[in-house]
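Protein sequence lines correspond, in order, to chains A and Z. With the first letter of the first sequence counted as 1, position 140 gets the number 140 in UniProt numbering; the numbers rise by one all the way through. With the first letter of the second sequence counted as 1, position 207 gets the number 207 in UniProt numbering; the numbers rise by one all the way through.
Please note that the accuracy of each hint is not assured.
Unchecked claim - Reference listing, derived: stretches of chain Z covered by chain A, where coverage requires no fewer than 3 residues with Cβ under 8 Å from a Cβ of chain A: (1) 17-27; (2) 110-117; (3) 225-231; (4) 245-258; (5) 270-276; (6) 318-332; (7) 356-365.
Said to hold, decoys possible - Not close to chain Z: a few residues of chain A, all C-beta gaps over 12 Å, as computed: (8) 28; (9) 29; (10) 109; (11) 204; (12) 233.
What the hints assert, rightly or not - Taking beta-carbon pairs under 7 Å as the criterion, some of the chain A residues facing chain Z (in silico): (13) 38; (14) 56; (15) 57; (16) 60; (17) 100; (18) 105; (19) 185; (20) 225; (21) 226; (22) 229; (23) 236; (24) 241; (25) 279; (26) 324; (27) 355.
Hints in this document: simulated from the structure, not taken from any laboratory. For each residue, glycine too, the CB sits at the ideal point set by N, CA and C.
There are 2 protein chains.
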Amino acid sequence: MAPTEQGTPVVDIHTHMYPPEYISILSLRDTIPLVRTFPSSPEPRLILLEAELPALERALQDPSAPLPGRPLTNHFTSLAHKLAFMFHHNISISVLSLANPWLDFLSPTEAGPIASQINTLFEAMCATTNNTTTHLAQQPPTSRKLFFFGTLPLTAPPSTILSAITHLTTLPHCRGIILGTSGLGSGLDDASLLPIFSALASAHLPIFLHPHYGLPPSVFGPHSEQGAYGHVLPLALGFPMETTIAIARMYLAGVFNAVPELRLILAHAGGTLPFLAGRIESCVLHDLKLGGGGGDTEMGRRRRTVWEVLREQVYLDAVVYSEVGVRAAVEAAGGADRLMFGTDHPFFPPVEGDMEGEWESVRLNVTAIETALGKGNQEAQMVLGGNAVRVLRLVEE
Amino acid sequence: MAPTEQGTPVVDIHTHMYPPEYISILSLRDTIPLVRTFPSSPEPRLILLEAELPALERALQDPSAPLPGRPLTNHFTSLAHKLAFMFHHNISISVLSLANPWLDFLSPTEAGPIASQINTLFEAMCATTNNTTTHLAQQPPTSRKLFFFGTLPLTAPPSTILSAITHLTTLPHCRGIILGTSGLGSGLDDASLLPIFSALASAHLPIFLHPHYGLPPSVFGPHSEQGAYGHVLPLALGFPMETTIAIARMYLAGVFNAVPELRLILAHAGGTLPFLAGRIESCVLHDLKLGGGGGDTEMGRRRRTVWEVLREQVYLDAVVYSEVGVRAAVEAAGGADRLMFGTDHPFFPPVEGDMEGEWESVRLNVTAIETALGKGNQEAQMVLGGNAVRVLRLVEE
């Protein structure tokens, strides 16, 4: 696998960081999300999911118990490791984003200042990197470019959120925002979000929609709650289902009609949207309450189909780990021009072996794209990088 | 649309009935599921979803309020209407099943006898129909064939459930069982189900796995709970997500290894399994708890990939309402020989217009198959009927 062989830049639009300043905030917390250190672990551990709480409690009581959560390796916190990861995977440009749970847990008064601090920090990481040639041990010098998706202080008053958007427009390397599915606390079909969506649309800042809250652990059953299946069910199913529900709620609430210039990039190839779009469309058409497609409601009078919204206002990342998924995403999006490669780094590191080598999780996604669209073909190159450069304007101004 | 044009029989493997005897049981209940009659409605109404409770309460207090649930038209209860529906859609063979929630709500003592009664009733419907030429008004006489999936008394003691399986093997038109995702009450990864799965495998009775319980209404947000989006979210998303979670739990619990002869047919093209199979596989590979694929556990030592299970033990219906979905299902299943047409009749009737004409919901699924696989092509014909005849042995013995 050598994606740059073809001469097109490879762009990673789904790649996260937790800057040290953010880790400090998480270390002071008593509820999920939080960071804890343990005598037996060289690295602090990030506890992100409700499902990880029992393991945390066991580990705090019993030093020999397995450690909860994930180790915050340098891959999570260090810019040098991000650049080395890019080098090892032939990624020329990365669009960084703060990882979940972003700033969703902050108090209304602290959210604004911390958002400003974090966004400024991301801008500085991009600016510094883009003016520097990186020297890695035993490798030829190379240059890597960074851009970023900003983070909004969603727990702050509306005026603070709007100010944060204005702030982002002054940061030269900001290319959108990353957003969870809870919005202001009650989901993305909340009408209070419309001014924020409008401001983002006016500022040409697309939303990178990313899951975090998953589904209630009980839906995965007692064995999963007792940890028998690790985190497979919440991560493999809960995350993409959460994204799908969030986007369907936006669709049904008429958000795409209300803010026609709004653009979204959906994490994990839309969750399950490409596969379920037909069923959503059919259920709308057959719902008595919606009068067969919306009826005499705002939605009904000017309803566009799910397919139209997918092809006009939505982009998908290509983090779907299968040829079947890539092809379905491309077909649902109406072409290969709306899908963009991502790695989900630093999540899904190799379970065994070299953290500084090639990651299996990356290889799976590159292979899926190249198998589905043809290695070296123009469509594969578009998905691996060309689309991101065009859609996100990844040239320095 | 005239699926029989090509000369292959069209087979509907996803088609439900509520016999009048079953409606009587539901009419006596005070909790979901239940049937109620209202002065303003000619037909009794079936209240199936928790989300429908507020509307039921409103309708019971206010005669002018919209009616809850769905009308139990003759399409739900009458064999004549099933046969007429088959005629109008050129369906030669239907594999009937009791619709959700089956017998899951019965007491342990009543479940056994009622299962026996219902299964005997379905057998009689098939036997009578298959010996009769149907005469429809103003149409040439025609013959339609029926088979059925039986229903198990899952709330009864294990020995009663095993006896019910033995009973099904004596019914000449039974070709499997329909099963919800709750199993004996705690999901399909419950080890207590293994003797039942083994008995079904030995009897060559595949499981038609069908959703009913959905996801907790809160995941769809306050607007959905207040009914703003009709039933779109629980039906379009909750149902397929429930199926996906159920099958993933079975996979992670090692059920497919433990009972290698077990065969499943997944409703709604696997829910979202074809799209998420790659992500499930990657999450298993990257899970520390599972040691990168199962580790030193029963699962790890002899783990087969999700793809292998999909291609060896699982069939999918083609009720997915889109070309994208059909193609993804075929690719995930490793070929068009594991996908089987269904209608979901009598659900998703035309919102307006003629109940006795062509149904849009059926047309969507036929068109999806013909567009994805090529109208008249052998693969489309296999999905429309050939596979079902082969897999379910739909010839009278």
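Comparing the hints with the structure gives:
no., hint, in the structure
1, 17-27, "violated (count 0)"
2, 110-117, "violated (count 0)"
3, 225-231, "holds (count 5)"
4, 245-258, "holds (count 5)"
5, 270-276, "holds (count 4)"
6, 318-332, "holds (count 10)"
7, 356-365, "holds (count 3)"
8, 28, "holds, 26 Å"
9, 29, "holds, 23 Å"
10, 109, "holds, 26 Å"
11, 204, "holds, 28 Å"
12, 233, "violated, 6 Å"
13, 38, "violated, 15 Å"
14, 56, "violated, 14 Å"
15, 57, "violated, 16 Å"
16, 60, "violated, 18 Å"
17, 100, "violated, 16 Å"
18, 105, "violated, 19 Å"
19, 185, "violated, 11 Å"
20, 225, "violated, 11 Å"
21, 226, "violated, 11 Å"
22, 229, "holds, 4 Å"
23, 236, "holds, 4 Å"
24, 241, "holds, 5 Å"
25, 279, "holds, 5 Å"
26, 324, "holds, 5 Å"
27, 355, "violated, 13 Å"
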